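The sequence shown begins at 9 in the working numbering and counts up by one.
I should point out that these hints are in silico values taken from the structure, not numbers from a laboratory. It should be emphasised that the depicted structure is a prediction, and the values quoted were computed from it without experimental measurement. Yeah, the Cβ is synthetic: ideal placement off N, Cα and C, and Gly gets one too. Worth double-checking, as some hints may not be accurate.
Claimed, not checked - Below, computed lysine to any residue pairings styled on SDA-like, alpha-carbon distance capped at 25 Å:
1) Lys124 x Lys94
2) Lys22 x Pro121
3) Lys94 x Arg117
4) Lys89 x Gly40
5) Lys11 x Pro121
6) Lys89 x Pro99
What the hints assert, rightly or not - What follows is a set of in silico ranges between Cβ atoms, one per label pair, in the way DEER data are often shown:
7) Glu76 x Phe128: 28 to 38 Å
8) Lys77 x Asp49: 30 to 40 Å
9) Gly68 x Gly111: 14 to 24 Å
10) Ile35 x Glu61: 29 to 39 Å
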Amino acid sequence: MMKLLFVISKGFEKAGGATRAIQFAAIAAEQGHPVEVFLIDDAIHWAQLGMAEGIRSTTGEHMKDLLEKLVEAKTPIHVCKACADKRLVSPDELIEGSVISPGPALVERMASPDYKVFTF
């Protein structure tokens, strides 16, 4: 089965769009699709403990609830290493299911025929 890779770069300034992207990933995981999320740029903050609190989409979905659904589904949440390093975010600050991953890990997935890639 093809894996769905959601690459998200939207941070706090586009929180509604980021929440919507996480919502689509959570829906796909709930439907039984294999899903991975790769957070880059300012979107890495969504994997930080407490940062999704109070964040909602324009239609009312809560980022924290959606992330919890991904964690429950054991969805890998990759956090760009270079992006985390630049923002001084360490692995012990991340939510369950998150892992610091280097850029080549993203490129491998993007180039693989086993993945369908969605960018937000």
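Hints, one by one, checked against the model:
{"no.": "1", "hint": "Lys124 x Lys94", "in the structure": "violated, 28 Å"}
{"no.": "2", "hint": "Lys22 x Pro121", "in the structure": "violated, 30 Å"}
{"no.": "3", "hint": "Lys94 x Arg117", "in the structure": "holds, 23 Å"}
{"no.": "4", "hint": "Lys89 x Gly40", "in the structure": "violated, 28 Å"}
{"no.": "5", "hint": "Lys11 x Pro121", "in the structure": "holds, 9 Å"}
{"no.": "6", "hint": "Lys89 x Pro99", "in the structure": "holds, 10 Å"}
{"no.": "7", "hint": "Glu76 x Phe128: 28 to 38 Å", "in the structure": "violated, 19 Å"}
{"no.": "8", "hint": "Lys77 x Asp49: 30 to 40 Å", "in the structure": "violated, 23 Å"}
{"no.": "9", "hint": "Gly68 x Gly111: 14 to 24 Å", "in the structure": "violated, 34 Å"}
{"no.": "10", "hint": "Ile35 x Glu61: 29 to 39 Å", "in the structure": "violated, 22 Å"}
The structure shown violates the earlier hints numbered 1, 2, 4, 7, 8, 9 and 10.
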